[in-house]
Amino acid sequence: MAKVKDTSISSRIFDVMIWLVMAFMLIICVVPFVYMIALSLSSAKAIINGKVSFWPVELNLEAYSKIFTYPNFFRAYGNTIFYTVVGTAIALVMTILFAYPLSKSYLKGHGFFTKVVIFSMYFSGGLIPNYLLISSIGLTGTRWAIILPFAISQFNLIILINFFKALPTEIEEAALIDGIGYFGILPRIILPLSTAAIATIGLYYAVFFWNDWFNGLIYLNTPQYPVMLFLRNIVNGTMVVGNASSASADTAMLGISTKSAVIITSTLPIIILYPFLQKYFVKGLTVGSVKG
Amino acid sequence: MIFKEKRNETLQIRLRSPLQRHLFRYWQLYLMMILPFFYFILFKYIPMFGNILAFRRYRPGLGPFGTEWVGLRYFKMFFKDPAFWRAFRNTLTLSVLNIVFTFPLPIIFAIMLNELRSRNFKKIVQTISYMPRFISTVVVIAILSEILSPSSGLLNRFLVDVMHKTPTYFMNDPQYFRPIYIFSGAWQFTGWTAIIYLASITGINSELYEAAEIDGANRFQQIWNVTLPSILPTIMVMLILEVGRLLSLGFEKVLLMYTPANSEVSDIIDTLVYRTGLANQNYSYATAIGLFSGIIGLILVSSANRISRSLTGDGIY
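Chains as they are written, first to last, in our numbering: chain G, 3 to 294; chain F, 14 to 330.
Bound-form chain F, shown alone (with noise of 0.2 Å):
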């Protein structure tokens, strides 16, 4: 072991820089990154520079990057196109409707789990309610079509034979589009999201909750009074970073509840980029719409950061 060290000694002499030694000290760990970081230069910073595209014209067989130079030719055609900004504001309500009815919903559900008197009921629950976050998009959809079914849908008998009600088509009824978006979210990730509300009530003193008793508190009070105060800090954080994500809706639900007669509440930006890139081949004019969201998203999730690093001291990354 000693005659390892002195040799190591003797190589470090003869390597003078600093940063030779260093290199030398720690190859193998350079090493190992050299096929991630490799990873992250060809599929994540490549398509990145891809974003040119929007601004170039693209023909078939002659790179991804396309041909020649037409400026902004591409934005100045979306922001005349209708279709956009129906996708746009589509984008945007759908989001904004999304952030009101389903953000609460993790706080008040953390706060009841954390109410309840039962230790083994409450892990029951909880390990329940995470289950649907990782059920894949298409087969919510599908169970959701079939609970919806006019025909032979739960919902259906249930209007029709105990409301007397005609039976409703609610996946293809625009006018449905929306809540079910909302709801099945809902379904999905109240539990998961719940568990972050939860780690940060687990984290709240307990002497608070005991001195809250003493003064005469009853237990809505002290959710009102203690619960809530402690977790508002993850509250802020969670909502800023909710609202930082405005534009990156669930693309891969909407695309599967997309269909012709709801396409007017339905037709959101990633769909149409989507169609209007890959399923008619406008590679540019979609790039240039796909960039355009893209960088409206990068300024509010860097701003939103920055919000709550400031106002906690905390930010996500």
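Here chain G stands alone, though its shape is the one from the complex (with noise of 0.2 Å):
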């Protein structure tokens, strides 16, 4: 990094300068947030009236409570939960298991193998033979739809594969003599070494799992919907939140609340956990640079 020992007038108004630009760039990123959890605790009269901007108006926990009375939602909740955790264990099995051997360069058809995962990064099945191959391999209308396809993302897939490349083969080659097969050093010597890689693949995979509703919308049905197609379908109008006879003047103000309630708490986990997750987020970027 630059050391900046300039101490001149322009150099002082240029630091002012940039200082308010990434001021600006802080409030542009908190900003739509905190809009959000003011419509959220905001009472319906006061947003019809315009008058909630940054603030929370006639502070009121209704919407979160009446979210919290839907049947659709909570089930939504519960199968985002469960695409998540099932999702990202399997995924982090399955890139392990192919990212180990992969990273051995003197193994028989390790040029193949890794041929055959850069190739499918360059050209793929594309929708609908994707769609169609799931529906007839009887997939569509299981919770599996939505899990087993995204497996592997061949993304984290190589930054597990320049990660386990780098770590010191001494180890594991005193292992081998001493008779530990590679079913053992993986587990033992491995895995332990690589925590803070498997961490951030982990978190990629997780964020992609809970944010996933594309393939919700086109595999699944009604009942098995993660959160985010929820939301979407609520925003879309084409899902009525709870109890469409009870249509009263302010139903449409109060949509809003409700719907910046299920904005925020569809996005809390990801927020609350930021703070402590983010170097994880980040290291993926440096830990394996995309090379193969």
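Because the hints were derived from the structure by calculation, they are not lab data. Source: prediction; values computed, not measured. Take these hints with a grain of salt, some might be off.
[Stated by the list, open to error] Derived DSSO-like pairs (lysine-lysine); straight-line CA-CA distance at most 30 Å: (1) K68(G) - K53(G); (2) K167(G) - K106(G); (3) K167(G) - K110(G); (4) K135(F) - K281(G); (5) K93(F) - K266(F); (6) K266(F) - K281(G); (7) K136(F) - K281(G); (8) K47(G) - K178(F); (9) K266(F) - K68(G); (10) K106(G) - K117(G); (11) K53(G) - K167(G); (12) K47(G) - K68(G); (13) K167(G) - K117(G); (14) K93(F) - K53(G); (15) K281(G) - K106(G); (16) K178(F) - K93(F).
[Unchecked claim] A few chain G residues that don't get close to chain F, going by computed Cβ distances all over 12 Å: (17) F70; (18) I83; (19) F84; (20) A91.
[Claimed, not checked] Not close to chain F: a few residues of chain G, all C-beta gaps over 12 Å, as computed: (21) S10; (22) I50; (23) L63; (24) E64; (25) S67; (26) Y72; (27) G80; (28) F152; (29) K167; (30) A168; (31) E172; (32) I200; (33) P225.
For glycine and all other residues, C-beta sits at the position ideal for the given N, C-alpha and C.
Got two chains here, each in a separate frame; can you build the complex from them with the hints?
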């Protein structure tokens, strides 16, 4: 990093300008969430009269207590937790099982397997052939349809391969001489050394499964919908949040605070965990920069 | 231990061919790969061959690869289809505009971050600016539609109360589709993409700055003459890759923003494939369109990669 020693006036003005731009950037990133929180905590009347900006007006928790009475929301939230936990677990196991052998360039067929992975990044089946495959193997309408096809992301695989490649080989060689096979080395030696890399790709997978909605839309039935698809449907107006018959004058505006409450609750895990996890998020880009 | 090695030796003598010996030695590694390799065949390569459907007629219930050859019929069909050309134009326009407006932002952001004096403030800005990358597209569009809502949204209230204008239904107006797409993309990815440039800036030799300072360069001149030239290779690689991905826009976001009112500009190749394929179940026709754009994408990405390799000796893969 360049150390700034220049203390001239023009340099100071430059500092102030940069500081202002960066502060603006901070505000731009945070304001949408502040607005959503304010809306979700405000009364319908205040929203309708356009009084809510960045601070709740006529503070109340009605929107939150409402969404927690909607069975659809609860079910969708539970579904998403299931997809995220199971999906991430399967994805991690599969990615580790492929990345470890692929990190051994002395293995015969190493070049071939690597090419198989890389070619699939350049060219893919496309939407329709994928859709027809999933339905012809009978996954459509089951929860596995949005988990199994996404078990390995080539990007994450390459991150992990590069990480494994960079590990020192001495301990591994010693273990081999001691007669511990690769099945023993992987869990006992390699994995404990790789927690940072595994946490990183695990987070990428978890974010992917948490945020996914499109695959739910094309493969699943309503009771299996993830929370992001639920949110998309209430924003679209294709799904009624609560009881459609209780249409009163302020239903539309109640809708806004409810929508905001759904937005906040469905993003909450990421927002809460973010400060603790962000160092891992970034590591992925630096640990195994995408090169083969 | 010695005993064990001896046993291995005798086994190795018995396994004559080098391949047999290799397999015997590494069978555990091969066994690990079986399931993931099967995954790649099933979920990546079978759909790839499934593209053959573009040349065959699909009949429900008779398998995903179609029933009889029809040659290039579906290709001829969509080449004559004005809806395809509209989607093609929309895809290119949106992509090019997107690159023009959003590509420079992470570079500027990274350079400015690097010029911040306060390390703590730098860290805070950096940390917060990554966050939008991890927010679901659904949430981004849902937030946007509330901010831009004609009745209660922040922006329209500002326009009406302060600027005394009439409210605009931004999300439905074709005129605003591209700006909203581009702006929300910039919001989501500027901070994240800047990481790559920041890493590149960190790698610059600090002696270069010292030399520039001795030569009397002010800070702006240092940025112009040291920082920018030093990260130029990174910028070039990123730009080439961006061009290589020209046809693959954020399909999910476009689908979320799509309304009948803005379809004139928001119908891109991917949404066209989605509508003709999954909504209208013209599987073969949609596969043909998808294959066409997939092949153009393949050509673009691999030539982009080749160019970047020859320019900087460094490709992505």
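* Hint by hint, which ones does the structure fall short of? -> 11, 14, 16, 21, 22 and 28
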